[in-house]
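When you get a sec, could you build the whole thing from the sequences and use the hints?
Protein chains in written order, with our numbering: chain R, 10 to 287; chain U, 75 to 366; chain P, 2 to 372.
I should point out that these hints are in silico values taken from the structure, not numbers from a laboratory. Glycine included, each C-beta is placed from N, C-alpha and C at the ideal position. There could be a bad hint or two in this list.
Unchecked claim - Facing chain R, a subset of chain U residues (Cβ under 8 Å, in silico):
no., residue
1, Phe-174
2, Asn-200
3, Tyr-206
4, Thr-210
5, Leu-253
6, Asn-333
7, Leu-350
8, Met-353
9, Phe-355
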Amino acid sequence: MKPISKVYTALIMIFLFAPIAILLMFSFNGTKSLSVFSGFSLHWYQELFRDEETLGAVKNTLILAVSASLISTVMGTAAAVGMDKLKRRYLRAAMDVVTNIPMINPDIITGISLMLMFVFVGRFFGAATSLNFGTMLIAHITFCLPYVILQVLPKIQQMDRSLPEAAMDLGCTPLRAFFKVEVPEIFPGIITGLIMAFTLSLDDFVISYFTTGNGFQTLPIRIYNMTKKTVTPKMYALATIIFFVILILLLLSNVFDANTAQTIKEAREKKKAKSKEV
Amino acid sequence: MKNNKPNRGLALMQRLALAPYSVWSVLFIVVPLLFIAYYAFTDSAFHFTTDNITRFFTATSEVADGDGVKLVRTYLVIFWRSLRLAVISTLICLVLGYPFAYLISRAKPKTQGILITLIMIPMWMNFLIRTYAWMTILQDTGILNGLLGLVHLGRVHIIGTESAVVIGMVYDYFPYMILPIYSVMTKMDVRLIEAAHDLGCSGAGVLRRVIWPLSLPGVISGITMVLIPSISTFYISQKLGNGKFYLIGDAIESQYVANNLHFAAAIAFILMVILLISMAFMQRAANKRASV
Amino acid sequence: MKKILCMILALAMLIACMCTLTSCSKKNSVTLNVYNWGEYISDGSEGTLDTIAAFKTWYKQTYNQDITVHYTTFQSNEDMYAKLSSGAVSYDVIIPSDYMIARMKNEGMLLPLNFDNIPNYQYINDSFRNLYYDPDNQYSVPYTYGVVGVIYDANVVDEADAGDWDLMWNEKYAGNILQFNNSRDAFATAQYKLGLDVNSTDHASWDAALAELKAQAPLVKSYVMDEIYNMMESGEAAIGAYYAGDYFTMLDNQADSVDLQFYYPERTNYFVDAMCIPSCCQNKDLAEIFINYMLSEEPAIANAEYIYYASPNSLVYESEEYQEELGEEAMEILYPGIENFSELYNEYAYRNLDADTLAYITTLWESLKIS
Numbered sequence: 010m011k012p013i014s015k016v017y018t019a020l021i022m023i024f025l026f027a028p029i030a031i032l033l034m035f036s037f038n039g040t041k042s043l044s045v046f047s048g049f050s051l052h053w054y055q056e057l058f059r060d061e062e063t064l065g066a067v068k069n070t071l072i073l074a075v076s077a078s079l080i081s082t083v084m085g086t087a088a089a090v091g092m093d094k095l096k097r098r099y100l101r102a103a104m105d106v107v108t109n110i111p112m113i114n115p116d117i118i119t120g121i122s123l124m125l126m127f128v129f130v131g132r133f134f135g136a137a138t139s140l141n142f143g144t145m146l147i148a149h150i151t152f153c154l155p156y157v158i159l160q161v162l163p164k165i166q167q168m169d170r171s172l173p174e175a176a177m178d179l180g181c182t183p184l185r186a187f188f189k190v191e192v193p194e195i196f197p198g199i200i201t202g203l204i205m206a207f208t209l210s211l212d213d214f215v216i217s218y219f220t221t222g223n224g225f226q227t228l229p230i231r232i233y234n235m236t237k238k239t240v241t242p243k244m245y246a247l248a249t250i251i252f253f254v255i256l257i258l259l260l261l262s263n264v265f266d267a268n269t270a271q272t273i274k275e276a277r278e279k280k281k282a283k284s285k286e287v
Numbered sequence: 075m076k077n078n079k080p081n082r083g084l085a086l087m088q089r090l091a092l093a094p095y096s097v098w099s100v101l102f103i104v105v106p107l108l109f110i111a112y113y114a115f116t117d118s119a120f121h122f123t124t125d126n127i128t129r130f131f132t133a134t135s136e137v138a139d140g141d142g143v144k145l146v147r148t149y150l151v152i153f154w155r156s157l158r159l160a161v162i163s164t165l166i167c168l169v170l171g172y173p174f175a176y177l178i179s180r181a182k183p184k185t186q187g188i189l190i191t192l193i194m195i196p197m198w199m200n201f202l203i204r205t206y207a208w209m210t211i212l213q214d215t216g217i218l219n220g221l222l223g224l225v226h227l228g229r230v231h232i233i234g235t236e237s238a239v240v241i242g243m244v245y246d247y248f249p250y251m252i253l254p255i256y257s258v259m260t261k262m263d264v265r266l267i268e269a270a271h272d273l274g275c276s277g278a279g280v281l282r283r284v285i286w287p288l289s290l291p292g293v294i295s296g297i298t299m300v301l302i303p304s305i306s307t308f309y310i311s312q313k314l315g316n317g318k319f320y321l322i323g324d325a326i327e328s329q330y331v332a333n334n335l336h337f338a339a340a341i342a343f344i345l346m347v348i349l350l351i352s353m354a355f356m357q358r359a360a361n362k363r364a365s366v
Numbered sequence: 002m003k004k005i006l007c008m009i010l011a012l013a014m015l016i017a018c019m020c021t022l023t024s025c026s027k028k029n030s031v032t033l034n035v036y037n038w039g040e041y042i043s044d045g046s047e048g049t050l051d052t053i054a055a056f057k058t059w060y061k062q063t064y065n066q067d068i069t070v071h072y073t074t075f076q077s078n079e080d081m082y083a084k085l086s087s088g089a090v091s092y093d094v095i096i097p098s099d100y101m102i103a104r105m106k107n108e109g110m111l112l113p114l115n116f117d118n119i120p121n122y123q124y125i126n127d128s129f130r131n132l133y134y135d136p137d138n139q140y141s142v143p144y145t146y147g148v149v150g151v152i153y154d155a156n157v158v159d160e161a162d163a164g165d166w167d168l169m170w171n172e173k174y175a176g177n178i179l180q181f182n183n184s185r186d187a188f189a190t191a192q193y194k195l196g197l198d199v200n201s202t203d204h205a206s207w208d209a210a211l212a213e214l215k216a217q218a219p220l221v222k223s224y225v226m227d228e229i230y231n232m233m234e235s236g237e238a239a240i241g242a243y244y245a246g247d248y249f250t251m252l253d254n255q256a257d258s259v260d261l262q263f264y265y266p267e268r269t270n271y272f273v274d275a276m277c278i279p280s281c282c283q284n285k286d287l288a289e290i291f292i293n294y295m296l297s298e299e300p301a302i303a304n305a306e307y308i309y310y311a312s313p314n315s316l317v318y319e320s321e322e323y324q325e326e327l328g329e330e331a332m333e334i335l336y337p338g339i340e341n342f343s344e345l346y347n348e349y350a351y352r353n354l355d356a357d358t359l360a361y362i363t364t365l366w367e368s369l370k371i372s
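Here it is in structure tokens:
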């Protein structure tokens, strides 16, 4: 990279990581202060592990995020495939609009509207409570889907159409062609979509607040409650732990991505070689 | 002779693929929207009324104007303020993010992976905590001023100003701008750029005529993903703006809390319509450009 | 590699499904749902008592049954009301503030309590019975009470300027003043300052209060709710109004350069938060057992020490251990004069306002915020 690129990259990285560095540092703060560092201490981590409510919230959030991101990625990828091939203009436009809506709506409105609907349905069936893990899951999947589609669809559109056709000409069933040829091509899009969905679900506060029932508290809601009184570095300790877990996960997925890129490259080479032969 | 069977099978498969999402989107995207429209166009007794909508456009407040007072349209002012801040943040994200996305896409694959990973990390940190961290940096008794004090550069007052809110929004949504642009740029055919160079195009020319048009879908994507949440944010303005900037998200929230669900729905409905129309325009502009 | 990934994904989904199923089956055991303010119960941090855990243990010992307690928090009375009135959730015990109790009672959203199940009610001081929001003492059991006062940094503020609401309007301290970021509380500070009735339905009265707030706006550093803790403790701001108990929380955490003091202005807000049972309750007996438990000595003292708010429970304020823990100064501030509490309370507490006035206030608040 040219030196100016390196400098620019460095500056951006400083900007992105300054707050994170701060909260990493202050999670080890000896006192309760958030702006004055005085002495190293693991006190807040101890407090964190004694805090059952927070640990429960972490578990809940993970379950929700994993479920929501997986389901929305599968559904979203399928949708993107279908949407790409929509011939009729008005159907295509309608799908585009509908997909964009959860992104356009402010979180608070998506949350309220879903809550209203769930309550209405719940009352209709005579249930005592209408909100629970299921309703939260539905809400999370709903707002994750557009982001998945937004990541996968461009990849499909940019893909070389002749590849799956070539595969089918060579005797693949459409399904096989899809999984063996298209999926590897759009895989970076799928993975990015999955990770985005996971992140969104993990971090969502407003929509979760409106669609949660008793007892299922997610981490953002728990953190929001923690900030209601004096904010202590305990919150930062939690963030630090999350940071290191994420770092490890992303490093692992990075390794995986590198392998995928390699596999895609090899597959491309093979296809090119094959089509040359024909 | 091409066998038509795989094509038909393909078409069927594609239609089936779209089915779950179609059903889902109708149930959980369209229907709740109908609820909003229903609430927006009814009053508390659930009779049809357009009062809520007209209130958005006609409600006025008195604000100080020099020595006297003047009347302004309350919600239009609030909306304009939110839009302005959102547009500024989006532009900054674009200006900073576009070259950065390009840099990454031209780097070695391994470097690319590392850089993308690094960018995504702030996204994973809880958004409330990130905002709090910025508060401790930007406060008058915060870390930035502490550092400036160490080198005797005097204090800056950033917290509670629009700059703080913009910084907060740019920080939160920056990765969302970079990722789509990068995603598109990696699929860009390098040979086109090389060809343009070979044909005598200057650097700026290549950018304008080759790179920019090709990257446009990613740019549109990025703008969408930053502009929309920026308009409706409310937490950032409360924490970093010291509660002084009342944005459209705040307005909706306070109407909901005051149990004026119908008016809150009306604000949301109008906001949605405005955003949909602008998105449609942007898409059109992008398509026109792409076909040139 | 792909196969491994697929297996991991499948495993993850399986775990997710299993967890949902197990949480479904938990519904068969006895459950209690509690809805309270955030950070409003002793939760076991920093060596304090974990009230909910203690309740579960106590219940197991007394009734030989396991119970699950779902403890959820809300940010404001209005949020709680919105959730409950929509029928979206069901709680067994809620702890709202006075004016909200009055509203919910009038709308039939509360159940009358069976005080046979709450013998510890006897320890509640007489001053806290028969208050306006529950004149027959049928629907609520007081949990905490408090008074709003002004907190200031003695290192920045002159002693002479302090004493009444006008400190918050003093131009000498421009840019150092904090104001409530919610309409009711902010207007109240202006209304108390002007000697107006905080429950007035007269638009002109609210207009006058708005004028005061607009005059104050250029001097205000920030409109705060929970941000006030951090800002006062670090010295970011020097003057703010908040509840007495929160003053002590801030005092505990103040930076070295900050010296926080507190006083009550002559006319100020009195409030009571009380435990009630909403009509959507699914286990009334259990709810009443819980309320009774919260009134018993150990949990009541632990909660009062944790929250730092005053307790209407004589087991608490008469306890020597509690008095020692808080210290003389704190006791004086938190428990100023319990005898004329009812009088002052009935004069200055918030009452529920009608829809028209509330809508008007929201409009005025917005006009303040956009100027």
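Each hint tested on the structure:
With a least beta-carbon distance of about 6 Å to chain R, the hint placing Phe-174 (chain U) at the interface is held under the 8 Å criterion. The closest approach between the C-beta of Asn-200 (chain U) and any C-beta of chain R is roughly 6 Å, which is under the 8 Å cut-off, so the hint is satisfied. The beta carbon of Tyr-206 (chain U) is positioned within 8 Å of a beta carbon in chain R (closest approach about 6 Å), and the interface hint is therefore held. At about 5 Å, the closest approach between the beta carbon of Thr-210 (chain U) and any beta carbon in chain R falls short of 8 Å, and the interface hint on this residue holds.
For the restraint placing Leu-253 (chain U) at the interface with chain R, the shortest Cβ-Cβ distance is roughly 7 Å, inside the 8 Å limit, so the hint holds. With 8 Å as the threshold, the beta carbon of Asn-333 (chain U) stays out of range of chain R, its nearest partner Cβ sitting at about 12 Å, so the hint is violated. For Leu-350 (chain U), the shortest C-beta to C-beta distance to chain R is roughly 6 Å, which falls under 8 Å, so the interface hint holds. Annotation: interface hint on Met-353 (chain U) holds; nearest CB of chain R at approximately 6 Å, less than 8 Å.
A hinted interface residue such as Phe-355 (chain U) counts as satisfied when its beta carbon comes closer than 8 Å to some beta carbon of chain R; here the least separation is about 13 Å, so the hint is violated.
Of the numbered hints given earlier, the model fails hints 6 and 9; all others are met.
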